[in-house]
Amino acid sequence: MKAKLFFFFLLCLGNIIYAQIENNSSLRINNGSELKTSNFNLSKGLSSPNLNSPLYTPPKELTEYGQRTSTIDMTGETDFLKPEFEATPKSFKTEKEIKEEFKKDQYLGGFKSSGKFVQLIYRDHGAIDGDVVRIFLNDDIINGRVYLTGSYQTTKITLLKGFNTIDILALNNGDAAPNTAEFHLYDDQGNLITGNEWNLIAGVKATLVVVKD
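In case it helps, mature numbering (1 follows the signal peptide of the UniProt record, and there is no 0) puts the sequence shown at residues -19 to -1, 1 to 194.
None of these hints come from the bench; they were simulated from the model.
Where is the CB? At the ideal position from N, CA and C, for every residue including glycine.
PhoX-like cross-link-like pairs, simulated, lysine-lysine; straight-line CA separation at most 20 Å:
#, residue 1, residue 2
1, Lys193, Lys142
2, Lys142, Lys97
3, Lys137, Lys193
4, Lys80, Lys186
Label pairs and their in silico Cβ distance ranges:
#, residue 1, residue 2, range
5, Gln87, Leu173, 16 to 24 Å
6, Asn172, Arg104, 15 to 23 Å
7, Arg126, Asn177, 15 to 23 Å
8, Ile122, Ile102, 17 to 25 Å
9, Gly171, Leu141, 19 to 27 Å
10, Arg104, Gly125, 16 to 24 Å
Start from the sequences, fold in the hints, and give me the full structure.
Dropping the structure here:
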């Protein structure tokens, strides 16, 4: 009887141990087997944006406004009077009309004086535009370069017995032709002998003659 009970005990113990081994055995995957994924759908992530789609769609009113025909006339044709203007700026115009007489040597007269000298006083009476002259006495230079300004300048000329030819040669036209100046000629006592003006193109001269007794 005891032997049967012992055998029955061993049989039960063996079943219990076998059940534990089955539960603790690891899962084995056959390398040759293939995992079937047909029953699963993999997520594709976020869809890429449509780059051709505008980020902002203007309202209909703005779209129509942008297509309206402009009422502004860009052609310059208006009902207003057009201002009149001259095509040539004043700075490019000559001070005076260049007459033929300005292109020739000018004789400004002959005079007599018994004094020791005369004084030639002159200034640019037009636009101060850089006129330059040279003064001669009997073909000798007595003042090589005179820059004409708006203020009077003086050249003292000692008279020789007989004829004293005074030449004023225009060295340039300044910014606006001709070369212009107002002048006065006084004797050694301060008496006015003559007064006039010259209008000369560059290279042209004006001449005064003073005869000393």
